[in-house]
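Use the sequences and the hints to build the structure in full.
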Amino acid sequence: MAEAQNSPEDLRRTTVQGGPPPAGSTTAGSIAVAAESTVATRMSAPPSFDVADFPVPHGREEEWRFTPLERLRGLHDGTAVANGAGVKVAFDAPDGVTVEAVGRDDERLGTAGTPVDRVAAQAYSSFEQASVVTVPKEAVLTEPIRIAVHGEGGTAFAHQVIELGAFAEAVVVIDHTGDAVLAANVDFVLGDGAKLTVVTVQDWDDKAVHCSQHNALIGRDASFKSVVVTFGGDLVRLHPRVAYQGTGGEAELFGLYFTDRGQHHEHRLFVDHNTQHCKSNAVYKGALQGDDAHAVWIGDVLIQAAAEGTDTYEMNRNLVLTDGARVDSVPNLEIETGEIVGAGHASATGRFDDEQLFYLMARGIPEHEARRLVVRGFFAELVQQIGIDDVEARLIAKIEEELEASVA
Amino acid sequence: MATLEIHDLHVSVEAEAGPREILKGVDLTVKQGETHAIMGPNGSGKSTLAYSLAGHPKYTITGGAVTLDGEDVLEMSVDERARAGVFLAMQYPVEVPGVSVSNFLRTSATAIRGEAPKLRTWVKEVKETMQRLHMDPSFAERNVNEGFSGGEKKRHEILQLELLKPKIAILDETDSGLDVDALRIVSEGVNRVRETGEVGTLLITHYTRILRYIKPDFVHVFANGRIAESGGPELADKLEAEGYEAYVKGGVSA
Ligand SMILES: Nc1ncnc2c1ncn2[C@@H]1O[C@H](COP(=O)(O)OP(=O)(O)OP(=O)(O)O)[C@@H](O)[C@H]1O
Ligand SMILES: [Mg+2]
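Chains A and B, in that order, are what the protein sequence lines are.
For the first sequence, the residue numbers in the numbering used here are 2 to 409.
For the second sequence, the residue numbers in the numbering used here are 321 to 574.
Since the hints were made in silico from the structure, they are not lab data.
Heads up, the beta-carbon is just placed ideally off N, CA and C, and yes, glycines get one too.
Errors might be hidden in some of the hints.
[Claimed, not checked] Pairwise CB distance ranges, derived in the manner of DEER restraints:
no., chain 1, residue 1, chain 2, residue 2, range
1, A, R72, B, E325, 55 to 65 Å
2, B, E400, A, A398, 48 to 58 Å
3, A, D293, B, G551, 55 to 65 Å
4, B, E562, A, D324, 41 to 51 Å
5, A, K208, B, G345, 56 to 66 Å
6, B, T516, A, K208, 58 to 68 Å
7, A, E402, B, T323, 28 to 38 Å
8, B, E508, A, A398, 28 to 38 Å
Right, here's the structure in full:
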């Protein structure tokens, strides 16, 4: 695979191996040792719950420069209005779990993080009811909590909170299907020693637009695993964000996307190592095919001065299957203390190149099967990380389906 | 008996200044059981011939014909050619990240044989073949050619040759980059396949060294995009003594 690489071994240097990355793509990265966070100053406004605190973006701002604003259906400029036929949300929770619909003034809302862009603030300013899912302390669930979000063709603003008491363990699967224009904030609050795995699947119909900020607040010695799977939609823009509330917290952020013709998939990660002795590991992989398929990956990791003993690694890999697709991959690691266990990042964008195809076909393997082999191999280790059989099976089926579509 | 017939083959590649003709009328017939050595200087078009027979998209056939048992090979896609029995051991085998050798071999054998090989006998077959090629079993779990040394890549090519049992095997500089031990091991693999009498071999090489291990029935000198001279094994001895100079000069003035 021809790829452009950027790894911790070659700080501030982008090496190109075996050939150029796909035209029009960036695989840039940086590791900055800074006294003041550029992650924070890069934003055009400080985080806020109030949409009025954010100017309407014009598209050249750092946090908007990759996003086609005209396809946000008004989520960014106040013209999107919620309507009745927005989304339907169904909860399926095992015994012992509480699911509540609450009003805007519930004090459990917004505790895990603050909206970082205008769309997230718009969502926070506009939702009418929020859902709060609570797993009591020390409850260890054997079945996943399933949240099915189905778009009914309208526009909606939403807020969800998943809260785990101390030492509780749970798996949550949030599934997005149908057609909608949806802006949301989702809070994950993990008590001390809690273990939460969240799988969010964006399996939208072709026209859907989905912007969501995920805020995880990780308690002392708690571990959070997020698996973000994005296939569908016209535009999906997610902010998986992590901060720690005590020492010994761990975050694993896995992501997998398959970006087709005309689709825009954007994942903007932020891990805030604000406390000492916490770990984070982010691995996102994407395959792209078709004209104007566009994937954006931003991986911001900040190690604050107080966060001694931090151990962090982030990686993004992209496999470009056809011409005409574009990847922008920007890992950014900022270190304010030297007293860390480890910190690194890597980003690579490679083509599924004709030589690989030729080699496999020269061994009798038909073209579609050759492509499938390579793509399946590319995603395999990540799929295995999910650990939920039906989600894994669906994912593999979905990848096959996407590939079938590409061959046809 | 399987026969590969190459008749007046012309091939060009897309160069910066437009199409450039590399093969300028190649005639050659390879029958099952025969071994033909094709020897020639760098850049004479040996790999071009090999890739063109396998159907690499970089090469445009501008004239001539290639048939395997009367079937038009040039009409077939790359995978169809392989399934028809044409095998190319590449000079520079390609790395395929994310695809394990064992998965690759099994997928390939399934495609070539038309059905999935029985798991138990297959595992044994692969293991034994790897053993004979002095390949560590751990290679089965590695990704295809990824991080393989030059010699390991060549062994992996011959492993495939042994497992896929083609009718026509084209070996493009399988000897280059091998030390003496590796050359012997790889040659033994090729000879095991030849001894079945079921394969016609086109052994492309720059050096006569490999011909001490793999005895050709015919030797062809390849120069300037065509076969300049054909003969028996004795022709290799002449090349060993005199080099390609005579042919290259002729090529340039032609
Ligand atoms: N894209 C291209 N543009 C121009 N010339 C090309 C191109 N591809 C191949 N050639 C030329 O075709 C000629 C034949 O190349 P080929 O690889 O077939 O030679 P070879 O006999 O296999 O050489 P070697 O012994 O070095 O392997 C060379 O002169 C090479 O430079
Ligand atoms: Mg060559």
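Hints, one by one, checked against the model:
| no. | hint | result |
| --- | --- | --- |
| 1 | R72(A) - E325(B): 55 to 65 Å | holds, 58 Å |
| 2 | E400(B) - A398(A): 48 to 58 Å | violated, 29 Å |
| 3 | D293(A) - G551(B): 55 to 65 Å | holds, 59 Å |
| 4 | E562(B) - D324(A): 41 to 51 Å | holds, 49 Å |
| 5 | K208(A) - G345(B): 56 to 66 Å | holds, 58 Å |
| 6 | T516(B) - K208(A): 58 to 68 Å | holds, 60 Å |
| 7 | E402(A) - T323(B): 28 to 38 Å | violated, 44 Å |
| 8 | E508(B) - A398(A): 28 to 38 Å | violated, 45 Å |
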